[in-house]
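Student: Just so you know, the sequences run in chain order A and B.
The numbers in the first sequence follow the working numbering, run straight up by one, and end at 314.
The numbers in the second sequence follow the working numbering, run straight up by one, and end at 1562.
Hint data in this document are derived by calculation from the structure and do not stem from the laboratory.
Think about it this way: if two alpha-carbon atoms lie no more than 25 Å apart in a straight line, the pair counts; the simulated DSS-like pairs of lysine-lysine are:
1. Lys1494/B with Lys203/A
2. Lys249/A with Lys207/A
3. Lys1438/B with Lys142/A
4. Lys1084/B with Lys1097/B
5. Lys233/A with Lys1494/B
Here the structure is a predicted model, which is why all the values come from computation and not from measurement.
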Amino acid sequence: MFSKLFKIENPKGVMGINRRNLELVYKYNHPKHYRWADDKVLTKELLEENGIATAKTYAVIKKTGNTRSKWEHCKAYDAVAIKPANGCGGDGIKILKKDNEGSFRSGGKIWDDAKVYKHITSIVSGFFSMNSSDSCLIEKCIIPHPFFAEIYDAGVPDFRVITLKGTPIMAMLRMPTSKSDGKANLHQNGVGIGIDMNKGILTQVYDGKRYSMTHPDNPTPINGKKIPCWKEILALSKKTAKVFPLDYLGIDIVIDATEGPQIMEVNVRPGLGIQLVNRCGLQQAIEDQF
Amino acid sequence: MKQHRLQIALTIAALLVCTFTISKIISLSKIQVDFAGETLYNVTHKYYYKTQENGGRIKWFLPQNNGRQHISQVALPKTTQALASRELHNENVLGEWLTSENHSYGELEYSYTFSGKSQQFSVPTHFENPTKELAQFLTASEYVQVNDPRITEVAQELSKAISSDRKVLENVYNFVTRIPTAPIHTRTDAVSVLDRKSASCNGKSRLFLALVRNLGMPSRLKGGLILESTSKRTSHVWVEVFINGQWIPFDTTNNHFAFLPANYLEIYQGDESLLTRSSKMEFDYVYEMEELSSVNFMGMTFQNVEQVSSFSLVHLVQNKLISEKNLFLLLMLPLGGFFVAFLRNVVGLKTFGVFLPVLIAFSLFETGFGLGLLLFLFLIFLVGAVSRPFQSIGLLHTPKLVISLSVMVVIMLVGSYLGWAAKIPWLSALTFFPIIILTISAEKFSNLIVEDGFGKASGILFQTLIAVSFCYLILSMKSLGTLLMIFPEIIVMVILFSILLGRYVGFRWTELIRFKPLLNFKTA
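Kindly generate the complete structure, drawing on both the sequences and the hints.
Tutor: This is how it looks when you write it as structure tokens:
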């Protein structure tokens, strides 16, 4: 009614939150299945069962009593990521890497066993999940594919692929910037890069306000740049969408330097900013695909 | 198919509610709507008697409808021995009760509902000469010695060298009004008031009457009751002066110049007694009055609504099952909630919860809007600052909430104490705020700061305050509360509209800004 009143045209079929919730989230995703996406431990179990590539799980700690033995097992690896299974916004995620002397460091500081135990305990007791308890996930630390370093060499960039009923309908690449503190999220000063899904190439950069052809920290234009393993990424998305009992998904994918594309997590309520990044509405994307 | 059925069901429900409401409006509009009383009282005259020989007789005047008062639900006393009758006495209506039984005793009740308006009259500068028919309102009597030399002397003194009739009347009025009023119940005549230092209402009124009649202004005494929620035996007397075709009231006792308050019940004209009885009777009486909650809505009072439609919440208030204020809050909650839902889903405001803005708006009523908002912000920031150290040491969510709550209680108590000690009224107003609502707001705010940073959290706080302001605006429409009280089915409409709102898939207005690069804006 409002759009008629003010003559607002929506030629690109942009979807607002109301329409997304009613016509996609509520219609295709049943709340009883949300846990498969919300709990990273469950997500990974489902992925591993179906042989879908995801960062190797070193340990899952559900009770603080197991911490010591499980961490002993993880200490054999050179780099690990410690995550809360139900965290949000990247809170509580710690990347630990061994230095030359063999001790774990995060952000330059040494993390001894006591410090690791404390962090795991706060995760398990629900400190990051606004809940009474949570599980702690220790997994292989992703080393980004050298392709990303050509654009910007810090943090972990990831792809977001939106799937509807098993078909990828829209995708973008999220990259950290010098202002985003290693995070790739659009809200946290990361940039979104549009993707031509058919050709597997990057289109334009969107920083939340303006479009450009370059990453803010790199003057080389990115448009037309070919994405490595794009076919694999699409195939992985389709496979993932098939095994989850959720028909509308936002799948986060990284490309590991040695392992190739890996599923990081899945979301039941993927954000709408992807429309701006690709200059294309979800409704139109859906119409194009179906 | 499912969608279709839902639409049909909704339409039917909406039509039903509308039909019901319209039929109610029609029946309400049929009752007298031309009289919008400001006050509403139940009045009961109670007479207690014991007859001796030759039975007994009680006479009293019955109040009538006029332009500023409306008498309804009249119940004349009925006894087995006799029926009270009505007869016309001059312009007044007299009620009479008779019994032939000797040595019997009993109790009579005469009750009615009074609805009254206040009325202000304008007094012209010059008065027309009275016509012959008004001669009876200029005559002298035993208690109103119009032609007494002393009355003439005072009247001359007060009107000397003044050409304006109004000014003369004012002088006389002020002269009588300045005489202190004393609670004397006996009949006092005009002249003797001049000798006394104080006089009762009937004495002062007779003096005023004698003076204005002396000056050639037709006038009469007027008798009735001043209504208040109490039981009393005192009736009241004032004066009416006939000025240019209109009887205009003057009460020299309570200082009402050409004005009659809404709680004045007019009963009779002339120098009469409100109540008379045969002398051989033991007798006592009392007037019981009770103010009814009267809400004026389109000229209707509660009483009228009750007569027409049983489906309203007026009964709840009248039977004191729930206070008017609480009922109002209760009814406004869904409406306010709907409004917040609109702000969130159509406008796209982000607020702390759905009902929180409504509840905050309610609490602002205790303190006033501006002060309330400032206090609210002050408390939220203070609690946030004090609880900050507890946030950073890493505590679980629920115990942290308890800490915030405790901090809030301490701040409120200390603030109130300091406000009392230093006589700062706004500080002592702190406890007016519902503590839980404040704590939840403070907690949401500090959580948001942790999650999204101070800037974004303040943005959401600001949007919440916008929603609060809109809710406050809606809640301050008093007539809306009355409307809901009379038409509680509006709540059903709220449900129906919420269903519509729940199906709204259009853009939120804030999204128009967000997706501006992808949309075409055309100016019509």
